[in-house]
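Residue numbers (our numbering), protein chains in the order written: chain W, 738 to 976; chain C, 615 to 855; chain Y, 23 to 296.
No lab work stands behind these hints: they were computed from the structure.
Please note that the accuracy of each hint is not assured.
In silico EDC-like pairs for lysine to aspartate or glutamate, Cα to Cα no more than 20 Å straight-line [unchecked claim]: (1) W:K968 <-> C:D817; (2) Y:K66 <-> W:D746; (3) Y:K45 <-> C:D801; (4) Y:K33 <-> C:D695.
Counterexamples of contact, computed for chain C against chain W with all Cβ distances above 10 Å [said to hold, decoys possible]: (5) E627; (6) F635; (7) V649; (8) R652; (9) L693; (10) E717; (11) K731; (12) K745; (13) N763; (14) G773; (15) S774; (16) G836.
All C-beta atoms, glycine included, are put in the ideal place defined by N, C-alpha and C.
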Amino acid sequence: MAGIYTKRDDGREMTEVRPMKAKVGIVPSADGSASFETGKTKAIAVVRGPRTLHPQHMQDAQTGILRVNYGMMPFSVEDRIRPGPNRRSEEISKVTQWALNSVVDLSGFPNTVVDVFIQIPQADAGTRVAGINAAAMALAHAGLPMKQMVSAIGVGKIDKTLVVDLDKFEDSEFHDEEGSTDIPIVLTSRTKEIALLQLDGKISIQEFKDVIEMGKKACDDILKVQMDALKNVTEVSNE
Amino acid sequence: MANTKRQIVVPGETIVTGNEFLPGDGAYRDGEEVVASRYGIVTIFEKHVRVVPVSGAYYPRRGNTIIATVVDITFNGWLLDFGGAQNAFLPVSEVPRYVNKNEMAEFLDFGETVIVKVWDVKSRGVDASMKMRGFGKIDGGMIISIGPNKVPRVIGREGSMVKMIKAATGCDVTVGQNGKVWISGKDTGMEVATRKIVEFIADNATIAGLTEKVESFIKELGLESEFPVEIVEENTDGENN
Amino acid sequence: MSKYIMPNLQKDKIESYLNKEGKRLDGRTADEFREITIEDGISKNSASAVRVKIGKTEVICGVHLGLATPYPDSPDEGTFMTNAELHPMASQQFDIGRPGINAIEMSRVIDRGIRESGFIDFKGLCIKEGEKIWQVFVDITAINDDGNLFDAAGLAAIIALGRARMPIYDEEADKITGYEEKKGIPLAKDVLSFSMTFHKVGDKIVADVSKDEEAISKCRITIAIGDNNGEARITAMQKGGAGTISSEDMESVLKLAESKWTEMFPKVKEYVFG
Numbered sequence: 738m739a740g741i742y743t744k745r746d747d748g749r750e751m752t753e754v755r756p757m758k759a760k761v762g763i764v765p766s767a768d769g770s771a772s773f774e775t776g777k778t779k780a781i782a783v784v785r786g787p788r789t790l791h792p793q794h795m796q797d798a799q800t801g802i803l804r805v806n807y808g809m810m811p812f813s814v815e816d817r818i819r820p821g822p823n824r825r826s827e828e829i830s831k832v833t834q835w836a837l838n839s840v841v842d843l844s845g846f847p848n849t850v851v852d853v854f855i856q857i858p859q860a861d862a863g864t865r866v867a868g869i870n871a872a873a874m875a876l877a878h879a880g881l882p883m884k885q886m887v888s889a890i891g892v893g894k895i896d897k898t899l900v901v902d903l904d905k906f907e908d909s910e911f912h913d914e915e916g917s918t919d920i921p922i923v924l925t926s927r928t929k930e931i932a933l934l935q936l937d938g939k940i941s942i943q944e945f946k947d948v949i950e951m952g953k954k955a956c957d958d959i960l961k962v963q964m965d966a967l968k969n970v971t972e973v974s975n976e
Numbered sequence: 615m616a617n618t619k620r621q622i623v624v625p626g627e628t629i630v631t632g633n634e635f636l637p638g639d640g641a642y643r644d645g646e647e648v649v650a651s652r653y654g655i656v657t658i659f660e661k662h663v664r665v666v667p668v669s670g671a672y673y674p675r676r677g678n679t680i681i682a683t684v685v686d687i688t689f690n691g692w693l694l695d696f697g698g699a700q701n702a703f704l705p706v707s708e709v710p711r712y713v714n715k716n717e718m719a720e721f722l723d724f725g726e727t728v729i730v731k732v733w734d735v736k737s738r739g740v741d742a743s744m745k746m747r748g749f750g751k752i753d754g755g756m757i758i759s760i761g762p763n764k765v766p767r768v769i770g771r772e773g774s775m776v777k778m779i780k781a782a783t784g785c786d787v788t789v790g791q792n793g794k795v796w797i798s799g800k801d802t803g804m805e806v807a808t809r810k811i812v813e814f815i816a817d818n819a820t821i822a823g824l825t826e827k828v829e830s831f832i833k834e835l836g837l838e839s840e841f842p843v844e845i846v847e848e849n850t851d852g853e854n855n
Numbered sequence: 023m024s025k026y027i028m029p030n031l032q033k034d035k036i037e038s039y040l041n042k043e044g045k046r047l048d049g050r051t052a053d054e055f056r057e058i059t060i061e062d063g064i065s066k067n068s069a070s071a072v073r074v075k076i077g078k079t080e081v082i083c084g085v086h087l088g089l090a091t092p093y094p095d096s097p098d099e100g101t102f103m104t105n106a107e108l109h110p111m112a113s114q115q116f117d118i119g120r121p122g123i124n125a126i127e128m129s130r131v132i133d134r135g136i137r138e139s140g141f142i143d144f145k146g147l148c149i150k151e152g153e154k155i156w157q158v159f160v161d162i163t164a165i166n167d168d169g170n171l172f173d174a175a176g177l178a179a180i181i182a183l184g185r186a187r188m189p190i191y192d193e194e195a196d197k198i199t200g201y202e203e204k205k206g207i208p209l210a211k212d213v214l215s216f217s218m219t220f221h222k223v224g225d226k227i228v229a230d231v232s233k234d235e236e237a238i239s240k241c242r243i244t245i246a247i248g249d250n251n252g253e254a255r256i257t258a259m260q261k262g263g264a265g266t267i268s269s270e271d272m273e274s275v276l277k278l279a280e281s282k283w284t285e286m287f288p289k290v291k292e293y294v295f296g
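With the hints as extra help, turn the sequences into a complete structure.
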């Protein structure tokens with residue numbers, strides 16, 4: 738159903754993801770690392786581990802633990818973000834950890850931790866999903882046991898129109914009418930299960946079902962970019 | 615070798631279809647399909663499907679040879695750092711001669727480096743042994759780190775790469791499965807040149823025609839490559855010991 | 023997180039090669055820097071953001087300007103703050119959490135080198151005396167530690183400042199609406215100074231340490247040097263680490279600092295101002 742938003746500001750189709758760029762091996766001293774860009778949003782992910790978890794009482798004798806630390810660089814957005822954790826970054830770290838945990842198997846590494854660091858050098862909406870896309874690549878690059886990959890995308894609704902991969906302009910400009918709705922989704926690559934789901938806004942049940950379908954298609958596009966980067970060996974920085 | 619072309623797979627990717635294939639290390643079965651459970655290079659040998667990692671940390675395996683450094687001395691052994699998640703333990707019973715508990719540091723002190731065998735891998739760590747011939751304390755030379763997945767390429771088929779380096783630089787290259795490489799020669803300048811060659815091999819480990827490239831690199835360094843050019847089939851099957 | 027383990031044989035080799043032949047295990051001479059690469063445009067949402075690599079050591083630095091009221095004792099001057107983060111993604115040895123003393127020291131040393139040189143024109147940052155001034159924020163994040171993060175960070179800071187674009191201030195709306203294409207922030211370009219860190223490794227003074235050399239360094243000195251009518255002038259100095267430095271060593275440091283500055287400063291100016 739067409740609403741006031743009929744053409745996107747950058748000319749994209751409603752189902753089109755912004756141009757993407759991905760690379761692995763960007764931090765030579767890490768066990769795994771990758772970058773993922775969607776339009777102007779850039780994310781870096783670095784994996785260190787498995788390594789011993791301190792303090793000892795936090796160790797799990799049956800499995801390694803995945804620990805995600807998400808943060809935005811102070812100059813990534815127009816109003817400087819003070820360095821250090823905040824409630825938003827803590828929440829994103831947690832949901833990211835849940836999403837990645839659904840595909841990584843650390844049962845072979847008891848008493849250890851695998852740290853995943855995600856940093857955003859430049860933000861233009863969709864930062865948490867860009868971070869997850871980079872993190873999934875970095876975990877694979879680290880050689881960790883993973884039954885499948887995960888891919889992430891934000892689907893939104895602007896006024897009455899469903900739209901894939903909102904950029905910042907779309908996310909912030911539509912507060913007058915029904916407003917914008919943002920739905921980050923993470924899907925597993927093989928079984929197409931939902932590993933992360935958040936919703937911010939208003940949406941009908943049928944629209945939501947459409948959102949999931951659009952998300953699946955968009956995640957296929959994202960998975961292709963992730964796989965190409967992992968298979969493009971000449972881009973890998975070896976250590 | 616039954617290896618087809620060098621196929622890199624991503625977790626969740628279907629490698630082959632068919633019930634006659636057996637999923638090994640790094641692969642699992644999903645219905646009729648054999649699927650990658652790890653990022654790496656596929657090797658299929660007599661229907662046995664494995665995925666060999668090309669990146670990531672070192673995971674110790676029983677029988678591995680590792681190069682490690684003493685970080686602690688306990689009443690009954692030494693704790694060794696080998697770059698893994700936990701330290702390795704070298705019990706006093708696993709060294710070639712009897713060591714009194716008062717002479718532990720005299721025998722093997724903090725900061726000294728050893729070549730040991732991984733005897734056992736447990737959840738709390740790795741047990742090592744130094745009893746066999748060819749293992750023991752090392753001195754002199756220098757140590758560099760490479761990705762553990764590059765180790766087979768640096769050693770070469772039946773040690774061919776290491777031999778080629780020795781012919782060119784006069785230096786011995788001992789490679790631990792944990793990615794630590796001990797370079798030892800009569801002249802530090804040659805050791806530095808050896809380091810450059812080893813790093814070149816590691817950086818180009820996945821590229822075809824590596825042997826020729828290494829020979830050119832050695833020539834570029836101004837060292838004569840006396841090793842006869844052997845027709846070596848480019849093979850990336852990890853010779854994991 | 024974990025201690026960087028230095029085998030004895032490695033320490034002996036590094037020190038003896040330096041002492042006997044003045045050379046290092048990667049083939050460099052004691053005074054040689056690794057390759058420096060600069061990449062611009064890391065973030066378009068700030069005044070500037072650059073990536074600097076020295077060898078494999080890498081940092082990203084961004085400059086932001088914000089609006090604030092001036093301090094009462096300097097009503098016509100803007101302010102400046104430096105924050106360096108030794109992020110745990112860059113090294114096994116860095117911890118998650120609040121900045122440790124190493125990050126704090128690095129931030130303060132870089133800050134002093136820039137502030138004391140007069141590089142930032144504080145009066146030029148005044149919008150309305152007593153009411154509104156610009157604050158300049160320099161934020162540095164370590165991406166990969168392969169030794170000498172200090173110099174990568176110091177270089178990134180001055181390059182980011184040199185390339186920072188002036189924000190466009192909409193007085194009515196009281197907010198920043200964009201950045202000037204061609205106008206930079208107020209800087210006293212003549213007094214640009216850049217810092218280099220020297221370490222005593224073995225018996226020698228070494229520039230641009232590798233990670234291994236840094237681990238066995240007996241002493242480090244960071245010196246910021248600017249151009250005073252063609253002559254090198256020191257604008258900041260910091261000795262770090264618990265070791266002591268003799269007067270002979272200090273002489274060697276100063277000699278090396280001056281010769282490296284003469285060699286590198288023209289290139290540094292190019293990086294900063296284009």
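Evaluation of the provided hints:
With a C-alpha separation of about 16 Å, the suggested pair K968 of chain W and D817 of chain C falls inside the 20 Å cut-off, and the hint holds. With a CA separation close to 18 Å, the supplied pair K66 of chain Y and D746 of chain W stays within the 20 Å bound. Only pairs whose Cα atoms come within 20 Å are accepted, and K45 of chain Y paired with D801 of chain C is accepted, the gap being roughly 13 Å. For the hint pairing K33 of chain Y with D695 of chain C, the CA-to-CA distance comes to about 16 Å; that is within 20 Å, so the pair holds.
Look at E627 of chain C: its CB is around 7 Å from the nearest CB on chain W, not clear of 10 Å, so calling it non-interface is violated. Every Cβ of chain W is farther than 10 Å from the Cβ of F635 of chain C; the closest lies at roughly 17 Å, confirming the non-interface assignment. Residue placement check: V649 of chain C does not keep its beta carbon more than 10 Å from all beta carbons of chain W (closest about 7 Å). Remark: the non-interface label on R652 of chain C conflicts with the geometry, its nearest Cβ contact in chain W lying 6 Å away (cut-off 10 Å).
Residue placement check: L693 of chain C keeps its beta carbon more than 10 Å from all beta carbons of chain W (closest about 12 Å). For E717 of chain C, the shortest C-beta to C-beta distance to chain W comes to about 30 Å, beyond the 10 Å cut-off, and the non-interface label holds. Remark: the non-interface label on K731 of chain C is consistent with the geometry, its nearest Cβ contact in chain W lying 21 Å away (cut-off 10 Å). Here K745 of chain C stays apart from chain W, with its beta-carbon at least about 27 Å from theirs, past the 10 Å limit.
The Cβ of N763 of chain C sits about 8 Å from the closest Cβ of chain W, inside the 10 Å cut-off, so the non-interface label is violated. With a cut of 10 Å on Cβ distances, G773 of chain C stays outside the contact zone with chain W, its closest approach being about 22 Å. Distance to chain W confirms S774 of chain C as a non-interface residue, since its nearest Cβ pair spans about 21 Å, more than 10 Å. With a least CB separation of 25 Å from chain W, G836 of chain C remains clear of the 10 Å interface cut-off, as annotated.
When the structure is compared with the earlier hints, violations turn up for hints 5, 7, 8 and 13 and for no others.
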